[in-house]
Amino acid sequence: MCSDRVFFNPPARPHQQVVAVLERALREPTDESRFDASDALVGIALGDDDRDFVEHWCMQIGTRAPSGSPLLGLATLCLDHTARRFGHLSPEAIALATSLAARARTDPSDVSTQALDGYGDIQTYLFPRRYRLPSWLRHRLPVSWWF
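When you line the sequence shown up against numbering that gives the first Met the number 0, it's residues 0 to 146, in that order.
It should be emphasised that the hints constitute simulated quantities derived from the structure, not laboratory data. Treat each hint with caution, since some may be false.
Said to hold, decoys possible - Taking CB as the label site, the calculated pair distances span: (1) T62 with P107: 14 to 24 Å; (2) P107 with D30: 30 to 40 Å; (3) G46 with T105: 15 to 25 Å; (4) P90 with T29: 31 to 41 Å.
We put the CB at the ideal spot given by N, CA and C, even for glycine.
Whole structure, please, built from the sequences with the hints as guidance.
This is the structure we're talking about:
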């Protein structure tokens, strides 16, 4: 089996460019703007050294993207990367990740199940002693059990 898919981590872009790309994706949710926004958001989550900037834009996408947008689940995954890299998220970011994971559990057509993966990893990175369940079990428990 041959695949032409190639995995790569998009590079972090300058803040001004990220803001323009993400605002455009929120204003004009087309496939092209969504793909560009995905690259921009993942790029800053993996490579930008300004935690506040990364968290702010994950929060903006997570609260402003329309229901059903793949960017909602991605916002939680990017908060996951932020928690892993910096060892910290604001209480508001944790609350958003909790909310998006609950929505994903209730209706995966509203928020992709990527939000569950991201939320589980956030719990692991921020609260490692409390959450030592294997991922296959953690995803079977209601989100409310984790707190």
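- Tell me, in ascending order, the numbers of any earlier hints that this structure violates. Violated hints (numbers, rising): 2, 3; every other hint is consistent with the structure.
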